[in-house]
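Asks: Chains A and B are the protein sequences, given in the same order. Note that the working numbering has the first sequence beginning at 1, numbered continuously upward. Note that the working numbering has the second sequence beginning at 1, numbered continuously upward.
Source of the hints: derived by calculation from the structure; they are not laboratory data. A virtual CB, placed ideally from N, CA and C, is assigned to each residue, including glycine. There could be a bad hint or two in this list.
Taking lysine to any residue pairs in the SDA-like style, the calculated list, with each CA pair at most 20 Å apart, reads [stated by the list, open to error]: (1) B:K194 x B:R299; (2) A:K30 x B:Q346; (3) A:K60 x A:D49; (4) B:K194 x B:A171; (5) A:K30 x B:A350; (6) A:K30 x B:L227; (7) A:K30 x B:L344; (8) B:K446 x B:A373; (9) B:K446 x B:R532; (10) A:K85 x A:E126; (11) B:K446 x B:L409; (12) A:K85 x A:S117; (13) B:K194 x B:L209; (14) B:K194 x B:R223; (15) A:K30 x B:M337; (16) B:K446 x B:N414; (17) A:K30 x B:R348; (18) B:K446 x B:N473.
Pairwise CB distance ranges (calculated) [to be verified]: (19) A:Y111 x B:V488: 31 to 39 Å; (20) A:A108 x B:D330: 20 to 28 Å; (21) A:S134 x B:R484: 39 to 47 Å; (22) A:Y111 x B:E412: 56 to 64 Å.
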Amino acid sequence: MQLAQQPETVQILAVEDNPGDARLLLEALKEASVPNNLHVAASGGEALDLLFGHGAAGRKLSPDIVLLDLNLPDVSGHDVLNRIKSHPTLRRIPVVILTTSQDERDIARSYRGYANSYITKPQDYEQFISAVRSIEDFWLTTAKLPSTRSN
Amino acid sequence: MDSVHSADITDAVGNALDVLISGDDRQEGLRLACAVLADAVGSARICIADYGSPGAGEHSQARCRLDWRSAQADVLINDSDAASLPVDGHRSIWARPGLSAAPVVTQANDAGPIERVWLEGQGVATIASIPVHIPDRFIGSLNLFHTGEEYRWPAEDLIALSTCARPLVSAYLRYEAGASLDATRDLSREAFEKSVVGMTILGADGTMLEVNDAYCRLFGYERHELLGRNTLMLAHPDDIALVHEMRPAGLMNPELTDAERRFVRSDGTVIWTQCTVSRLDPGNREPGPSVPTFAGQVRDITSVRQDSVILELQRSNRELEQFAYIASHDLQEPLRMITSYLELLQRRYAGQLDNDADEFIAFAVDGAQRLRALVNSLLIYSRLDSQPATFQPVRLTESLEHALQALRLLIEENEAEVVYDDLPLVNGDSAQLSQLFQNLIENAVKFRREDAPQIRIVADRSHQLWTIEVHDNGIGFDPEQAERIFGVFRRLHGYGQYPGTGIGLAICKRIVERHGGRIEASATIGAGSTFRFTLPALRS
Chain A
1 MQLAQQPETV QILAVEDNPG DARLLLEALK EASVPNNLHV AASGGEALDL
51 LFGHGAAGRK LSPDIVLLDL NLPDVSGHDV LNRIKSHPTL RRIPVVILTT
101 SQDERDIARS YRGYANSYIT KPQDYEQFIS AVRSIEDFWL TTAKLPSTRS
151 N
Chain B
1 MDSVHSADIT DAVGNALDVL ISGDDRQEGL RLACAVLADA VGSARICIAD
51 YGSPGAGEHS QARCRLDWRS AQADVLINDS DAASLPVDGH RSIWARPGLS
101 AAPVVTQAND AGPIERVWLE GQGVATIASI PVHIPDRFIG SLNLFHTGEE
151 YRWPAEDLIA LSTCARPLVS AYLRYEAGAS LDATRDLSRE AFEKSVVGMT
201 ILGADGTMLE VNDAYCRLFG YERHELLGRN TLMLAHPDDI ALVHEMRPAG
251 LMNPELTDAE RRFVRSDGTV IWTQCTVSRL DPGNREPGPS VPTFAGQVRD
301 ITSVRQDSVI LELQRSNREL EQFAYIASHD LQEPLRMITS YLELLQRRYA
351 GQLDNDADEF IAFAVDGAQR LRALVNSLLI YSRLDSQPAT FQPVRLTESL
401 EHALQALRLL IEENEAEVVY DDLPLVNGDS AQLSQLFQNL IENAVKFRRE
451 DAPQIRIVAD RSHQLWTIEV HDNGIGFDPE QAERIFGVFR RLHGYGQYPG
501 TGIGLAICKR IVERHGGRIE ASATIGAGST FRFTLPALRS
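Just chain B, same shape as in the assembly (with noise of 0.2 Å):
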């Protein structure tokens, strides 16, 4: 009985498997680990084999993948198709589908009389054949040729042998099938896969050949949908001929292009990209749609956008509010000049000119009166947000209150009632909702029907909001107008009809928005009308 070489065996295997990862030359380093291991059991020739595509059944020839002869095999063994080894006719040396897990050693002088044969033929006396199974399936063999005299193996080696082979038949065979076994193209894949940046591999003329996961995320779409297609069917109607340069630009110019981009998801939504595309190394092939020309990167930056777009409206309206108050407010002095003078005229001259004359100054001073309700609106509109708020908590009764007293005259000539509940505190600009009431009554007062106008205000609270109604039984509108009606000089009848500028509605809706609250109409034509506003409670 030889010594025991378990130690070696290990060795050898792990040398074999270094080298199948290292990616250094595997044919040589191959041949190294199998010298190796033969010196360490006295084998003559080793080869890993297996038996053609899962599935091809136990009948199927079994392939000889690796071929390691020492050179007295080479001169011993004489076999005129080293690529497989005979089977059929000789089973029952070799591992195979359906066996054991169990090594299979076959000594010449006791094999049955074909594979005895085929054995002294070959000069082989002990042939080793150890079968590889992952997780039970079986996937190759390892076989260990002894030629001269007979080898009795060792068990321990034998066990040796079995637990090394299964790393090393399985890691080659799979660098065989061209599986890639190459740890830095893996990596690779795997960084385009894992990227959180949406990454295409273009075609010259931007035909889509690779996208990873980001990309369709960032698009909305699945692979299959976008492979094969020209990335134009991304690009926003109005970016085309921009997406479109970019490549001719990456053709002409080595290095990177980038820039801003919109494009369009799969749900119809447009985003913001950075995009840039690089040239790839084109190698010996002439550029075509399906040749690897371009990569691409899109990053979505919708958000940075956007940012910035929001503040730039936020600086826009702040001068235009800005705009307004200046404007009103200085249009008011000229204005005062020419109502009071034409008043003047009217007051002193009327019926001492002629009949014409009087009607031109009573359509002069309509103007002038007109001109000066609608600045004077503006200004009440405007001053609400280029003054600072002031807020603190407000007793909503006394606002109201306020502005029944400066609706007294109003109210009276139109013999109107006015009920309320007890309003509640809130947080507020205490002048601000005294005229967002008087602006709701006024109106309630003013679009009255024949009936006297009845008013009623209530006051309900859900949670830490408070909804406060004003309810009229005036001529109410079309409810398909009840958005419309908050616009800035939205009127919806004629000025001999209801005079009025059209900004008080949109005041109203200024002041409850600046008290973080929404306001809302609701009504019938000819039967009333309902406007509705929240306001936070004040915290107790």
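Chain A with its partners taken away, still in its complex shape (with noise of 0.2 Å):
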């Protein structure tokens, strides 16, 4: 059991090939409450490895959350999803998809892959604050999860 005063440091995965969005990520993380591990994949294919373990590193993260962006180089940001929401015990894991795509049919072709939120990238930081915080809020602090590290 842990002491609620020191909250367990949380584990994000960010698939994001935008060094500067990364970066932007990190530092409104910093700025967040809960303390956090930011792992970023600069690809679909580098998010698959880290989380199936067939990388060179060979070993498995078992992330919190996922931040999802779409538009992605090699492997796309929907068979990410999939790939994902079809893994008995990763599916679990909720994915929050970032992205800067409005169109209405990667919306609804996220949720329809058991997105468990969609966020369109905002324009400017302190929007992007705002966001990172209700992520924070809802998915980190508020709803409560079973650890995929319990298993």
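Assemble the dimeric complex from its two separately framed chains, guided by the hints.
Replies: This is the structure in structure tokens:
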């Protein structure tokens, strides 16, 4: 049992090919109230390697949440989402789509693929901070999630 | 009493008419026809006479137009002036103006003394003079002379002659008078006049010598306004040189020259035409301004040209819209980076650098934010057309309430009051209609006076059209600007005074027009404004 005053460090996987956005995410998370550790996968393939352990590192990552961009080189965000959501244990990890696309078809397809939330990348830093805060508030503190690591 | 020759007379006159109409050798044909006729009734001389110009009076000399004599008569008749029949002194012999339509038959033995002297001098025993009236005006006579023995005309023959004389005499006199009896010439003339293609005959320098009705109609002028003037008067200023060139081309090259040229009508409208110039056979004449040298045909192709211009415009418009959409969409990404990192700089380093740095960053942040608003508006604007319309029944009240929800913060900050009617159900795109209300209400709140903004939205139906009005009590605008404000990037105020991209109302206009309606604005400076748009009513 964890002490309430010392929340566990949250593991976050961001699948993001734009270094600018990845850094922005890192900066925004620095200002978050929950201690967190950000892992960045620069492509869909890299994300799958990290999650399924096929990569050079050979070690699987078990994130508490995945922030997933849709427009990625090699494996697309939709495919990454599918792989996660069709896996018996990984499917429990909340996946938040964080993308520039405002296309209705992308939104519908994401929810059909069991995405837990869909957020359009905010246009400025203020909004970015509040978007990250709302993710943090809801997915990392409010919602009670089964721990993937307890399996 | 001699036998009756009516049938022969009809035949003979019929032959004469055929000859006149056929256009073959008329003189020879007529001689033959007269010979046949003379043979039928035994006449020695036949002449057709008239009395000069109409209205010349009954005292004028009868002119002998056609004078046919048999070989026998040539010997017998002693006539020093064959071209004229002496009327003065022996008028009673001749059918003439003012008399009845009955044939006049004179026997030398029964004639008056003066007439008798003349008749016997001519060796003539009997003259039958058949008058011709068209319809009741005397135009001339057919005269038949018998020599030797007195000839007693059968009444039936005279009736037959009276019947046949009319077409023969009138046709012959018209032919003689030079009126266009030539059927071929008549036809080409008629074809020229009645052609639906504008046609003209030009002199060597382009002087219009002849124009047809279609030509006059095409350019909107009366015939007399064109004849004697140069075709260049009709050419479009930009095409004068080209029109001018067509004639030298026609002169050097006997083939047609054919081109699309612009002309200007009398009312100033510009027309596109397909004009063809062909060279006429000059015969032995030297080309000159008054010598028919060219035939011109002009056909109006304005509507054809306009159709292709409109298609071209639509195509380039579509490309432009596509471009605007792609440009504004792709601009968003780098712009987001600039804005976000500028703000991050400001957030982390404000007060840590010097005052100048803080100020510079502030300007950069402001500029980036404005650019972002602009790109967003452009994206919305171009998306209106680049995305297919998906119209379905939309409750306008819901669109309005959706807009009010989006503007909640702005409305609360300004303590604005918005009241509205129950709005109708229309066919449309719900997102766009919400955008329409959002832009109009945002404007109404933004351009406020000291007093709290009051906005009222009402709907009214007239026939198949709903009119929706958005009234406010804001600063209004100069009514002269009422049209301009709907243009893209039109701003009536400085950015510092009232922020905005200048696209909001252009978006409104685009949305309303896409829905088959119209939008207009009216206002007085300082006394509020009204934006009014129409939407087609839903068919029940």
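Asks: Take the hints in turn and mark each one as holding or not.
Replies: Now for the hints, and whether the structure bears them out:
Between K194 (chain B) and R299 (chain B) the CA atoms are separated by roughly 14 Å; this keeps the pair inside 20 Å, and the hint holds. Proposed proximity of K30 (chain A) and Q346 (chain B) is supported: the alpha carbons are some 16 Å apart, at most 20 Å. For a cut-off of 20 Å, the pair hint linking K60 (chain A) to D49 (chain A) stands: about 8 Å separates their Cα positions. For the hint linking K194 (chain B) to A171 (chain B), the alpha-carbon distance of about 25 Å lies beyond 20 Å, and the restraint is violated.
Annotation: proposed proximity of K30 (chain A) to A350 (chain B) holds, straight-line Cα distance about 18 Å (limit 20 Å). This hinted pair does not check out: K30 (chain A) and L227 (chain B) have alpha carbons roughly 91 Å apart, beyond 20 Å. Only pairs whose Cα atoms come within 20 Å are accepted, and K30 (chain A) paired with L344 (chain B) is accepted, the gap being roughly 12 Å. Restraint check for K446 (chain B) and A373 (chain B): satisfied, since their Cα atoms lie roughly 16 Å apart, inside the 20 Å limit.
Taking the CA atoms of K446 (chain B) and R532 (chain B), the gap is about 18 Å. The hint holds against a cut of 20 Å. With a CA separation close to 31 Å, the supplied pair K85 (chain A) and E126 (chain A) exceeds the 20 Å bound. Proximity of K446 (chain B) to L409 (chain B) is assessed by CA-CA distance (about 12 Å); at most 20 Å being required, the pair is judged to hold. The suggested pairing of K85 (chain A) with S117 (chain A) holds, with an alpha-carbon distance near 13 Å, which does not exceed 20 Å.
The suggested pairing of K194 (chain B) with L209 (chain B) holds, with an alpha-carbon distance near 17 Å, which does not exceed 20 Å. A hinted pair counts as satisfied when its Cα atoms are at most 20 Å apart, and K194 (chain B) with R223 (chain B) qualifies at roughly 14 Å. Taking the CA atoms of K30 (chain A) and M337 (chain B), the gap is near 18 Å; set against the 20 Å cutoff, the hint holds. Using a Cα cut-off of 20 Å, the hinted pair K446 (chain B) and N414 (chain B) holds, with the two alpha carbons roughly 9 Å apart.
Between K30 (chain A) and R348 (chain B) the alpha-carbon distance is near 12 Å, which keeps this suggested pair within the 20 Å criterion. Between the alpha carbons of K446 (chain B) and N473 (chain B) the distance comes to roughly 11 Å, so the proposed pair stays at or under 20 Å and holds. Distance hint check for Y111 (chain A) and V488 (chain B): the Cβ-Cβ separation is about 36 Å, which falls inside the suggested range of 31 to 39 Å. With their beta carbons about 23 Å apart, A108 (chain A) and D330 (chain B) fall inside the hinted range of 20 to 28 Å.
Under the hint 39 to 47 Å, the C-beta atoms of S134 (chain A) and R484 (chain B), about 42 Å apart, fit the expected range. At roughly 32 Å, the beta carbons of Y111 (chain A) and E412 (chain B) sit outside the given window of 56 to 64 Å.
The structure fails hints 4, 6, 10, 22 (numbered hints given earlier, in ascending order).
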